[in-house]
Every structure is written in C-alpha cells, then in structure tokens.
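Protein chains: 4
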Amino acid sequence: MCTAISDNGGRHLFGRSLDLECSYGESVITLPRAFRFYFAHTEIKYPHYAMIGAGVIHGGVPLYYDGMNEYGLCAAALNFPARAVYQERREGKLNLASFELIPYVLMSCESLSEAREALSELNVTADAVSASLPPTPLHYMISDGTGAVVVEAMADGVHIHENPYGVLTNSPELPYQVLNLSGYMGLDSRAPENRISKEVDPENYSRGLGAYGLPGDYSSTSRFVRAVFLKNHTRPTASGCDVGRMFHIMDSLAVPDGAITLPDGRGVRTVYTSVADTADKIYYFTTYGCRRIRGVRLDKLEGEFLSSVSIEEHEDILFKELPI
Amino acid sequence: MCTAISDNGGRHLFGRSLDLECSYGESVITLPRAFRFYFAHTEIKYPHYAMIGAGVIHGGVPLYYDGMNEYGLCAAALNFPARAVYQERREGKLNLASFELIPYVLMSCESLSEAREALSELNVTADAVSASLPPTPLHYMISDGTGAVVVEAMADGVHIHENPYGVLTNSPELPYQVLNLSGYMGLDSRAPENRISKEVDPENYSRGLGAYGLPGDYSSTSRFVRAVFLKNHTRPTASGCDVGRMFHIMDSLAVPDGAITLPDGRGVRTVYTSVADTADKIYYFTTYGCRRIRGVRLDKLEGEFLSSVSIEEHEDILFKELPI
Amino acid sequence: MCTAISDNGGRHLFGRSLDLECSYGESVITLPRAFRFYFAHTEIKYPHYAMIGAGVIHGGVPLYYDGMNEYGLCAAALNFPARAVYQERREGKLNLASFELIPYVLMSCESLSEAREALSELNVTADAVSASLPPTPLHYMISDGTGAVVVEAMADGVHIHENPYGVLTNSPELPYQVLNLSGYMGLDSRAPENRISKEVDPENYSRGLGAYGLPGDYSSTSRFVRAVFLKNHTRPTASGCDVGRMFHIMDSLAVPDGAITLPDGRGVRTVYTSVADTADKIYYFTTYGCRRIRGVRLDKLEGEFLSSVSIEEHEDILFKELPI
Amino acid sequence: MCTAISDNGGRHLFGRSLDLECSYGESVITLPRAFRFYFAHTEIKYPHYAMIGAGVIHGGVPLYYDGMNEYGLCAAALNFPARAVYQERREGKLNLASFELIPYVLMSCESLSEAREALSELNVTADAVSASLPPTPLHYMISDGTGAVVVEAMADGVHIHENPYGVLTNSPELPYQVLNLSGYMGLDSRAPENRISKEVDPENYSRGLGAYGLPGDYSSTSRFVRAVFLKNHTRPTASGCDVGRMFHIMDSLAVPDGAITLPDGRGVRTVYTSVADTADKIYYFTTYGCRRIRGVRLDKLEGEFLSSVSIEEHEDILFKELPI
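Chains as they are written, first to last, in the working numbering: chain A, 1412 to 1735; chain B, 1412 to 1735; chain C, 1412 to 1735; chain D, 1412 to 1735.
These aren't lab readings, by the way, just hints derived from the structure by calculation. Computed from a prediction, not measured in an experiment: that's the story for all the values here. There's no promise every hint is true.
Which copy? The list can't say, so a pair holds if one copy fits it or any two copies do.
Stated by the list, open to error - Cut-off 27 Å, straight-line C-alpha distance, at most; resulting in silico cross-link-like pairs (DSSO-like, lysine-lysine): (1) 1504 <-> 1609; (2) 1504 <-> 1731; (3) 1456 <-> 1504; (4) 1731 <-> 1692; (5) 1711 <-> 1731; (6) 1711 <-> 1692; (7) 1692 <-> 1456; (8) 1456 <-> 1711; (9) 1692 <-> 1504; (10) 1711 <-> 1609.
Please take these sequences and the hints and turn them into a complete structure.
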C-alpha cells in the first residue's frame, strides 16, 4: 500500500508514501559513484551515478523503496500483490531482479528517455537478495521532469506504460486505474453547477461540493483518483515552497494507523512519506512518528561506501514559551 | 470550513482545523484568571478560569476560534453559513454575542455539565466586537471527557444538541450531519465480506476496500463522515502518543490549498490545526506553512493580561548531515 | 417505501409506487359526488367532488393511498416511519385523522391553492379507522399543474412545505431530502467534461458517465435523487404519450422483489404503480404481477356508492403466432 | 448500450436489453432447421438447429442481436465500442464475421460446452453484411443452464472469458467490469450493520440502506454492478413466474428516453427488452412503446424460410369498466 506522485508544476518533485503494518528499519541511504553493486545477471559501467533514497540495507545490499539520482531521475517501487510475476533469467534480455531495478536505472540513466531505452528489453527475474528474503511483488514508477513511465512485470510479460497522470498506487494494474478515473472526471475544486434539475437550484450548502463523489477510502483505486484530483487542483504554499504542497497532498493520501485493519488485527499506517526535490537534489521525508520534515542533501557524490541516516520515530515538538 | 473532533480514547483530546481562503493573523492566546472581559449583556465572577486557544486580538478583546480552560473543558466555533441567526438582546435570557460564547463558557464553567446548565437559557445576540467587524455565522462544540454538545442558534431558536459522535464540521446543522452518516454505517477498516453475489466472490484486490464509498471531498458533510470513521478506526502512535494520532486524523480532513477553489479564484486551505491535550493542559498546533508540531502550556494561570504566541508560517525543516 | 412524482411537462401527471412486503387487497376505488364520508371531527359540503384512486375499503370507508379528483387535483400518502406524530383533537383546528386527509382534500378542493388554504389550520389526529387498524405513519404530497406541497405532521407540529421538485419518497422529512440532493446537482444525462485533470483527458468509455455517482439503491434518499434526475432528464415516448414516460421513470424507481429484504426474510416489492392523467381524468396502474397498463376513467361522477376494480396479479401476456 | 443477464435460478432464463438512440425496425425472427445461411468463410452441417431471436433482416440475412436455439442455448451481442477489433481471414482458424457469430453458434451447438469447443480457434473477421452496413463493434455472451462465456475480439486477440456472474454490459472489457465489482461487494439487500462507529448507532432511517452506494447511473460499469446485485437479491414473482422476475430486474437497468443524452441532443432509450425462457422455448419481449409482455414460441422447427413478427410500438392499455 503506497502512493507515488510525480509533479512537474514549477519544479519536478517526486513524492511517495509507504503504507504498511510494520516497518523494517528503513533509513535514508546515499549510494556514491564508486559503490560496487553486484547485479545477478548484468553489469553497469563505473563510475555510475550517485543516488539517494529510502530503503533497508540487507547484507550490504541497499534495497531501495524509492530514490533520486544526481541528474534528478526518480524511481519508486510500490506493492503490486497478485499481479507481479517474475521470471527465470532469459537470454538476450536485460535481466534484473525486482530489487535491482531501481538502483540499475538510477545508477545508469540520466533521464527518463534513457531509462525507457535501457528497459526496452527488460526481464524481471525472481532472484532473491538472500534466502531469507523472498522477492516482494512490485511495480515501479520512473520519472523526471519530462514525464513518467510505469513498469509492470505480469504473467503476460513486462509492460512499460506511459503515465501522463504521474500517479501510481497498488494493484490492479495501471490501465485499470486510469480507466477507473473516468467516472470521476467531472469533479472540480470549484462549486458545482446545477445540471440535475431544470426547475429549481439545489442549495450549494458547503464549499467543496464540486468534488462530491471523490472517493475517500484507502484502497488503491480510491487513492489513485484522489491523488490525480489533488495534484491537479492544489497550489504552492505561500512561501512558494512546492515541497510543502507535495507534503500536503501526501497527507491527504496517508493512512492513519488502523484506518486499514488486517485480519490479524494489525493496523496499516503510512510508515514514511518522502518528497525528492530534483532541482536542489534534496530528499525530504516525514515518518508516522515524527511529522517534522527532515532533509538530506545528495551532495557527496564520490566514494564507494553507502551511508545512511536512520528515520527516527520520536515526535519532535517545539515548545513555545509565552512572553511574560 | 472547519472540522472539530473530541476524542476520549485514552485521554480527552480536542482537535480542530480552520479552513479558510486567508488568515487573519491568528495567534495562540493565553487568558489568565484576572483578565477583565467586558461582556455586552452579562457578567462573570472573578477570578474566573484561565484559558488558552487560537484566535485574534481585536481592540484588546480576544476573539477565540477555539480554546481549553484550566479544567480541560474545550470549545470551538466553526463556520455555520446560511444557518446561524443571531437575535436582539432578550430579557431573562443569558445574552451572549457570538464572539463571547467561547470565553464565557471557558472562563466560567468547570465541566460540560456546568456548561449545559449555564447555556440552558442562552440567547445569542448579533452584537459586533466593533463596527468594522460584523459577527460571523458560527456554531459551537463544547466538550470534556464526558461528552460533547453542539450549540446552534438558528431562525427557530437556540438548539443545544447532545453530540455522541464528538464531531462537528459546518452547515448544514448537526441533525442533518448525523442522519447523513447512516448511509455509510456499514463501512469498515477491515476487508469487506462478499454479500453482493451468491455465486462467486469478487477479488479483494486491495487493502482498504472495506471502506469503499467513504466520501473523500472537502464538503462539510463528507468531512463529517470521514471524521467519524477515522475517530473510530484509528489507534495511538507506537509511542502511545494520542496527540500524534489526532494530528494524523486531522491531516486526513485538512484541505490542501486549492482543493476548494472559490469563485474569485482563491484557494481554501487549512490555516491551522490544533489539538488540545486536556490531561497535560498543552495546546498543540501546526500551520499550513509549518507542519512541525508546536506546543504551548497553560501553566501561568495568574495575571490580568493576555499573552500570545504568533503562529509563524516558516517551514521548519531539520537537515540531516550524512555520516562521513 | 414509496415514491410519488408530480410532473407538469406537457400535461400534469401524478405517479406513485407502493413498495411493501405484502399487499392488503388494494383496488382502484371511485368515490362519487354523493358518497357520504363521515369525518371524525369535521364536515364537508355536499355534493362534494368525485375522486378516484387506489386503496382498500375497510368497513365501508375507503382508505385511499392516493387519488385524483374531478378537477385533476392529486394527492398521495407515503410511509413516514419514525417521523409522523399524530395528535389529540385540538379546538379551533381542522382536525383530520391520517386516513381522512386525502379524501377531505380531494372531495373539497378544486386546486392546490384551495388545498393550501384548507390545510392552513390542519391538525392530524391519531384516530384509527377501527380498533383493528391503528393509524399508519404517513406524509402527503398534494399537487396540480401549478405545483406541489408536502404535508408532514411531526413532533414539532404540522409542516406544509412547498415542493418545487414535485418528488416525495419516505423518511427522513422533505427538507432533508431536498438538501441531500445538493451533492448530486452536477449530474447530467450528457457526457461529462473533464475537470479532474489538466494534463490529460480520461477516456469517456461509456455513454451515461455524466451521471456517474447517481445513487442506485432503494433507500428513500437515493430514490428521491434518482426521481429528480429522471424527471428532469427524460422525454415523452415517440407517440407523445407522457403516461408512457412516467411509467418508465417509475420503473427505474420500482423495487424488484427482494432488492430490499426485511429481517424476517420477506422481500419488499413495488406492489403497484399508478399514473393519474389529470387532463383526461384517467387513472392508470400496473401491478407487480402484471406489467400491462390498465386504465380506469373517472367518468361516472354522480351516485352515492363506492365502486372498485380489483388489481389482479395475473401476468397478461400476448402470445404472437408466427406467420406460416 | 445494452445489458444481458443469464440466470439459472429455477429455470435458465436469458434476458437482454437494447439501449440505443434509434431503432432499425427490429423484429422477432425465427430461423428453421433448413434455412440456408451462407457464411463467408465457413460451412455448417444441415439440417442445423432452429433458433429464435431479435434482430433485423438485411438482404435476406438475419442480423441477430440475440437469440435462443431449440436446445436452449442462448447468445447475445452487445455494443463494445473502442474495444472490438476485427481481423482479416486467417488460415487454420474458424473465421466468422461479427454478424455471423450468433447464428453460427446457435445453429451448430447444443450446449455451452460445445460452443466453447467450437470457438476455441475463433477469428472474428471484419466482413460486412453489405457495403452499406459496416460491422458494428460487438462482444458476446453465450450461455445455457451450466454457465456463461463472453467472447471479446480485441487488438491483442480473441478472449473467451468464463463469466460466473452471468452478466454483460458494454465497454470496457469483461475483466474490468468484474474487478470494478469488488468495491461494491459488501452491499446487501438486508439492513446494514453499524461498523463505522463504536460509540453510537446511526439511525437506520430507511429500508434499503444496506445497498447504499449501489451505482444508479446508466454507464456500462454501473449497470454491470446493479445487474449482479439484482440477480443475486431478487426472487420469483408470487405466481412462481421467473420470467416476471427477470423483467423486473431488466426494468431497473432499462434506460428511460433521455436519461442518456447524446451530443446531438438525441436521447438513448431501451428499445426492447427480451427474456428467453429456455425450458419452454418461448421468447418474450417488451418494447419502449409497449410494456405489455409479448411471447413467441419456438415451435415450428422445420422449414427453410425465416419468419418474423414485428415489434410494434403502440402501448396496449387495458381499460377497465367500473361496475355500475
């Protein structure tokens, strides 16, 4: 359960939430140009591009949930249950394990255009990072300021969908989500016009009625519609900070703990939300336990070791003293 | 456009948002026990109770949008357009101008029970705080850990409604909002059971489908339903901090700037969100321009002067340095 | 559970459905000008107006569910559970038992204007037609070609609401139904315009998407919205027969047996549907068991005895022989 | 715009509506065992099976919209705009023009099982019945008492989907419709249980609220959901006549003229509704202009000529005389 939004209004920002019933000790990880990443079936050129993003480090391997590279190319992996199908290695293809796709693309491509080309012969393999960690069903959104594509490896092959909406959530597949949007296309942030009745105008009893019918639950389909609506109907904060706007949009899509309850009684919550600022190359994030925005700059590009910043969960409240 | 929630899970918290197209220079204002408040038609005993809340100071008079007193009694005023009707002063009644109601109740009542009794003969008058500031159409929610009431002064008189849901938004009147909830009563944070088809089970394709149909727009009616759902289906943050939970609920109800657009093109946004912790007597708040939680303690009860803390709008980001 | 629609397009038609878990042996009953109707607390002038409508005859008293008089004034009684409150007889009022209201109005008023005046001092009494038949909670729509009013006797008194929509269903009260309509005011029979996305147009994948969001269940609120939509967006049948159009609208509001299921397992169904043609003074009806339209003319105005036509339930199928 | 429903409750019935802005002079056409049907690319054995259904005769060729054969196998063609893709003739395939599919299947297959096998190598060709009548984009539902399949010829090939719901409407393709149903799976004909609030029960103000959220518009997706709901929640008429039940379901899905309005201002209406009774081999139908059920028996199986019964549009009202 996750939401990703690529937005090109003003500057290109890339936001994503991770919605789960637990956290796996995520941190923000920087991967410099000389870091050795051993791909199971392929190679990349060195030095590659540096990148930053959130994920976990498993046996020395960074498992990125999302990230941005030094050119501002972004990618995110989102859960894709009951849809993702991974394959055996296939000769003549670009074979990438599901956890290798994000680092491969961000370490080797400068732009979405290059990523499209690099992935044109993609085969997503079922390799696990280790015996204890089987692959997760995932699909991906990759974007820069020129657009976004979604990569879905399914039973009938790998689909690379152009995604002009710049939004991705979870299963079902993107074409379903896009078509489901059609029912809501008349929704507006402005007041509704009366079309139902010729004889009398219903009272416009509340601001906001023009979007009456916008779905408010936390299913993947409803979050997709809401994300498209909000992306198209919101504006920067007064300080001109588009990052603030993106966090406000993500707040409307975030899952308060328990708003989804699993059969075992656990609640799903938005573990973290990140917004990558591709102009300034800053990776911003908030966590469920601490809503203050934190930022990490992608400014140390050289080196061969991963470095990481933990995502602590302590609410960082600023207490104000009253003047005497 | 505002939302207020009174929650008694664990400790009594009182949250509210202010959703407007502009701000009026709101601050957090503390009113101590000896502050002189000149009511137009009535008197209170001195010393009265101290209180804290958000609002603006106009000609020395605190215009509280919401507040909490030293006993933990809380009140909020929310827009009530096309419904609120204020009257001339009436003999034998408790005559309070619309802007006097919150301070009167919080300065003179220890509990909801006392407030119910104090307001039993209420007449809300059309007095303005000054010639330049005509009264705003408002209704009110007052609550402590025992429950909540809503006060609505309408054309047919003053209604004091018991409000077991502990939620208030805007027009229409509370009884409408409560009845409108009925259509959504089957919504659940758990996965839905199949009842539509005897022959085959539809795929439960996404977590969260049990609440499919929950309204997601920002009208008063949709926020009311969403607030009730979230209040009843969320749980404290891991640190046991119910304040964090309340801010997460309020985030789901907050209006990203422009998600409501006025005829003149201005966007409505959630100017501020506050959560009053009635156990520790701390007033927490966030603003549209700064999402970090700030807190002000109601701990200086004596004195005769208002003191206030401005609600600055600068996003307070914590930049993290990577380890070398 | 019932729906009534007054429509003035072309000619004034008055349609209603009766939605129940059983039938009580309804018939179409004509009441001529000299029929003696003994009102419990009031009198009418003789000869009064003749009328026709559906109902049952109990101990010689016609209990009309709806009807039309010789001037084309129409009235219908619809279930109003948990809302209708009947009173003791009150001096100085027009005291009418709930079952007397329709005959009183139709026997004594030529027009809606006269009915408004006649009912201005109405008190609805709790008198039963017999000890075995306690009064049913009802509200009423009365209309002619000039408009419609709704009469609701509630705990706070008798309300006579102007009803410019010309639609009535069941509880809650009319003002609630009218306000609930506001959320659907943007719905249209035409294709939707894209307002949700600035970047790309969702596919208009099906005719009819402009009304996506129209409620389809059989609750009173959803039928009210659907009735207003259909009344305003449909047109006469090719033969110019507005009666056909009204039956098509009523079909969309009718309850197939079981679409509502009671706690005891019984299904609710649309027992009968009637359309009164006020120009030609014909009362048309269909029943759940026989969809062929039947018609009874109100053309025998003189006389003192009720006459009735049973509403048989045998499906009247026309078998066609193929040419050899 | 059409809806088809295959129902196996009691006896197997097959209902369909044709929803269009005009009619093309449809009639009910019987095709006997010795009728010569010249298929463009294939042959069938003679004598074939007799069939009956609705359609038009064009240059001696019956263009069936739907039909039933003497074994009770049924098929219907429904509009499938922007999805259907027809091909050139392909060697080694069963090449059928879109208008040939229904007669081919019903003339040559006794059962759904045989139809599945016959169509396993299907290629739908773009042949037109004549130069003046280009092929219509269609998909098909074929069913008997054992189940139903849907045939969709699309850009990526011919799909033959098992359809356990037994419902078909229009575009998008069946897998989309089936998935879209998931959001509504909790809807019930019974009263809802309160799950939204722990503290207080919302009022169950109306019968039918358990299905609140059922879509009521006339788009293909909303009709699909409504058809599944009604098929699963309705029961036979009191006389045990399942045909009556099916017409009641179809009434709830039928389009009153104008409820969909085209850009050129024309209204879409349900031109005809048919219900094939596969036990008694009777084809029942109603038309927009005449709601009385008419029936044609498939009982003259021998012969070589088509025979047809026109679908007249005159409302066949039965006037009842009052007893004197």
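key: Alpha-carbon proximity between residue 1456 and residue 1504, which holds within one copy, between copies, both or neither at 27 Å   = within (18 Å within a copy, 49 Å between copies)
key: 27 Å Cα threshold - placement of residue 1692 relative to residue 1711   = Within one copy only: 11 Å inside, 45 Å across.
Within, between, both or neither, where residue 1731 and residue 1692 count as close if Cα-Cα is 27 Å or less = between (32 Å within a copy, 14 Å between copies)
inquiry  = Cα distance capped at 27 Å. Does residue 1711 pair with residue 1731 within a copy, between copies, both, or neither?
reply    = Answer is between; shortest inter-copy Cα gap is 13 Å, intra-copy 35 Å.
request  = Check residue 1692 against residue 1456 for me: Cα-Cα at most 27 Å, and say if that holds within a copy, between copies, both or neither.
outcome  = So residue 1692 and residue 1456 pass the 27 Å test inside one copy only (23 Å; across, 60 Å).
key: Identical-chain pair category, residue 1504 with residue 1731, by Cα at 27 Å   = The answer is neither: 60 Å in one copy and 40 Å across copies each exceed 27 Å.
inquiry  = With identical chains, the pair residue 1504 and residue 1609 could be close in the same copy or across copies; at 27 Å between alpha carbons, which is it: within, between, both, or neither?
reply    = The answer is neither: 61 Å in one copy and 37 Å across copies each exceed 27 Å.
Status of residue 1609 relative to residue 1711 across identical chains (alpha carbons, at most 27 Å) = Neither: 65 Å inside a copy, 37 Å across copies.
message = At most 27 Å between alpha carbons: which applies to residue 1692 and residue 1504, within, between, both or neither?
response = neither (32 Å within a copy, 57 Å between copies)
key: residue 1456 and residue 1711: within-copy, between-copy, both or neither at 27 Å Cα   = within (19 Å within a copy, 65 Å between copies)
Consistency with the previously given hints fails for numbers 1, 2, 9 and 10, ordered from lowest to highest.
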